[in-house]
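Protein chains: 2
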Amino acid sequence: MKALKERIIRDGKCFEGGILKVDNFINHQMDPILMKSMAVEFVRRFAGSSINKILTIEASGIAPAIMVGYLLELPVVFAKKKPSTMENMLTTTVYSFTKDRTYDVCISKDYLHEGDKVLFIDDFLANGNAANGIIDLVDKAGAELVGMGFLIEKAFQHGGDELRSQGIHVESLAIIESLDGCKIKIRD
Amino acid sequence: MKALKERIIRDGKCFEGGILKVDNFINHQMDPILMKSMAVEFVRRFAGSSINKILTIEASGIAPAIMVGYLLELPVVFAKKKPSTMENMLTTTVYSFTKDRTYDVCISKDYLHEGDKVLFIDDFLANGNAANGIIDLVDKAGAELVGMGFLIEKAFQHGGDELRSQGIHVESLAIIESLDGCKIKIRD
Chain V
1 MKALKERIIR
11 DGKCFEGGIL
21 KVDNFINHQM
31 DPILMKSMAV
41 EFVRRFAGSS
51 INKILTIEAS
61 GIAPAIMVGY
71 LLELPVVFAK
81 KKPSTMENML
91 TTTVYSFTKD
101 RTYDVCISKD
111 YLHEGDKVLF
121 IDDFLANGNA
131 ANGIIDLVDK
141 AGAELVGMGF
151 LIEKAFQHGG
161 DELRSQGIHV
171 ESLAIIESLD
181 GCKIKIRD
Chain Y
1 MKALKERIIR
11 DGKCFEGGIL
21 KVDNFINHQM
31 DPILMKSMAV
41 EFVRRFAGSS
51 INKILTIEAS
61 GIAPAIMVGY
71 LLELPVVFAK
81 KKPSTMENML
91 TTTVYSFTKD
101 RTYDVCISKD
111 YLHEGDKVLF
121 IDDFLANGNA
131 ANGIIDLVDK
141 AGAELVGMGF
151 LIEKAFQHGG
161 DELRSQGIHV
171 ESLAIIESLD
181 GCKIKIRD
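So the protein sequences, as listed, match chains V and Y. Position 80, counted from 1, in the first sequence is what the working numbering calls 80; the numbers after and before it change by one each time, with no gaps. Position 135, counted from 1, in the second sequence is what the working numbering calls 135; the numbers after and before it change by one each time, with no gaps.
There may be inaccurate statements among the hints.
Unchecked claim - Listed below are the simulated DSS-like cross-link pairs for lysine-lysine, each with C-alpha atoms no more than 27 Å apart in a straight line:
1) V/Lys109 x Y/Lys81
2) Y/Lys109 x V/Lys109
3) V/Lys99 x Y/Lys109
To be verified - The following residues of chain V were derived to be distant from chain Y, with all beta-carbon distances above 10 Å:
4) Ser49
5) Thr85
6) Arg101
7) Asp188
Unchecked claim - Stretch-level coverage of chain V by chain Y, calculated; a stretch enters the list once three of its residues show a Cβ under 8 Å from a Cβ in chain Y:
8) 27-33
9) 54-65
10) 70-79
11) 104-118
To be clear, the hints were calculated from the coordinates, so they are not data collected in a lab. All C-beta atoms in this analysis are idealised placements derived from N, C-alpha and C, irrespective of residue type, glycine included.
Construct all of the structure, not just a fragment, from the sequences and the given hints.
If you want it as structure tokens, here you go:
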């Protein structure tokens with residue numbers, strides 16, 4: 001998606017260790033007009049799919065997900081990053097490569113269940129650990145994962161390859177080939 | 001706001017200790033059409049104010065805030081609930097009455113600074129502790145707080161009274177008078 005790629009080049013910041021900071025327009029300060037445009041692009045890319053629910057994970061996934069839900073007039077559920085001591089919850093554990101620790105992610109069984117056809121939306125796809133956690137929750141719920149849409153995919157961390165090799169319909173609006181030498185190289 | 005009040009009566013759940021659960025349409029599963037309608041109502045209520053930035057706090061504030069930002073074509077910044085070890089951050093400490101513990105809230109100085117005219121949007125106003133944390137961050141940044149908009153105010157926890165007595169323009173789209181006996185009583 002051209003507008004996003006241009007914005008990453010203009011406002012993204014690259015740091016040692018494959019870190020891309022986009023907190024100017026995606027995950028701390030957010031550009032709502034760009035968010036809406038990206039949501040329109042997801043609607044286009046998943047136009048052939050039957051979806052009844054948008055799923056995301058707090059906190060940075062919420063803004064793009066609510067825009068997609070708004071356009072499609074579908075409910076949006078955000079998974080919570082916390083150990084759930086509550087009943088009626090589906091829970092999974094995700095390993096964060098960046099932070100080198102695990103965390104729990106949970107969703108109420110009231111809002112993800114059999115019969116749901118789910119489109120998952122998130123800001124980043126890197127090694128795919130969070131995405132795999134979501135797949136686990138969708139499986140546990142007996143729901144169907146229709147597709148996964150990400151604003152930015154870091155191709156060199158290979159989470160996308162793994163998801164696609166499972167047959168999952170993955171769409172990323174900007175694919176980062178490399179951040180070597182702190183230079184942002186985006187796939188055409 | 002009529003649509004929100006009706007939805008609270010229909011789908012809100014009340015528990016002992018003044019707890020109102022609205023996770024069916026606001027803070028776990030979200031209704032994006034209602035979110036947009038609530039954002040329109042905020043635009044109307046703050047129509048006389050000069051605003052250049054929307055501020056909120058993760059996670060449940062993000063959805064209503066991005067909708068307000070989208071309508072007004074303004075950037076939206078979400079404060080993060082975590083101890084910030086990073087440089088260039090404004091930090092404050094908030095006491096959570098519900099959880100009986102404190103947590104840190106931080107915003108980058110890049111995204112909140114002198115000259116900013118800020119509208120704060122959040123899902124709940126109860127005792128006002130989070131709101132007071134935001135006021136502290138806005139003060140530290142040398143920015144101006146134009147107003148604070150909440151989807152739901154629990155009047156019996158008096159945070160709204162305290163904010164209004166400071167001269168802050170507070171707007172709440174539904175005001176809960178009481179949850180006594182687990183009966184939801186909403187102000188007309």
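According to the definition I'm using, a residue is off the interface if its beta carbon is farther than 10 Å from all beta carbons of the partner; does threonine 85 of chain V meet that for chain Y?
Correct as stated: the minimum Cβ-Cβ distance to chain Y is 12 Å, above 10 Å.
Can you confirm whether chain Y covers the region 104-118 of chain V, using C-beta to C-beta distances below 8 Å and requiring at least three such residues?
holds (count 4)
Mind checking, does the region 70-79 of chain V have 3 or more residues with a CB under 8 Å from chain Y?
holds (count 7)
Starting from lysine 109 of chain V, check that the Cα of lysine 81 of chain Y is at most 27 Å away, please.
Holds - the C-alpha atoms of lysine 81 of chain Y and lysine 109 of chain V are around 26 Å apart, at most 27 Å.
Does aspartate 188 of chain V clear chain Y by more than 10 Å, comparing its Cβ with all Cβ atoms of that chain?
holds (29 Å)
Over 10 Å to the closest beta carbon of chain Y is the bar; see if serine 49 of chain V clears it.
holds (18 Å)
Proximity test - 8 Å, beta-carbon atoms, the region 54-65 of chain V to chain Y, at least three hits:
That given contact holds, which follows from 4 residues of the region 54-65 of chain V lying within Cβ reach (below 8 Å) of chain Y.
Claimed clearance of chain Y by arginine 101 of chain V, with the beta carbon kept past 10 Å:
Holds, since 13 Å exceeds 10 Å.
Straight-line Cα separation of lysine 109 of chain Y and lysine 109 of chain V no greater than 27 Å?
The hint is violated at about 39 Å.
How does the coverage statement for the region 27-33 of chain V fare against chain Y, requiring three or more residues with Cβ below 8 Å from a Cβ of that chain?
Answer holds; 6 residues pass the 8 Å Cβ test.
Between lysine 99 of chain V and lysine 109 of chain Y, does the CA-CA distance stay at or below 27 Å?
Holds: lysine 99 of chain V and lysine 109 of chain Y sit about 23 Å apart, inside 27 Å.
Checked against the numbered hints given earlier, this structure breaks only hint 2.
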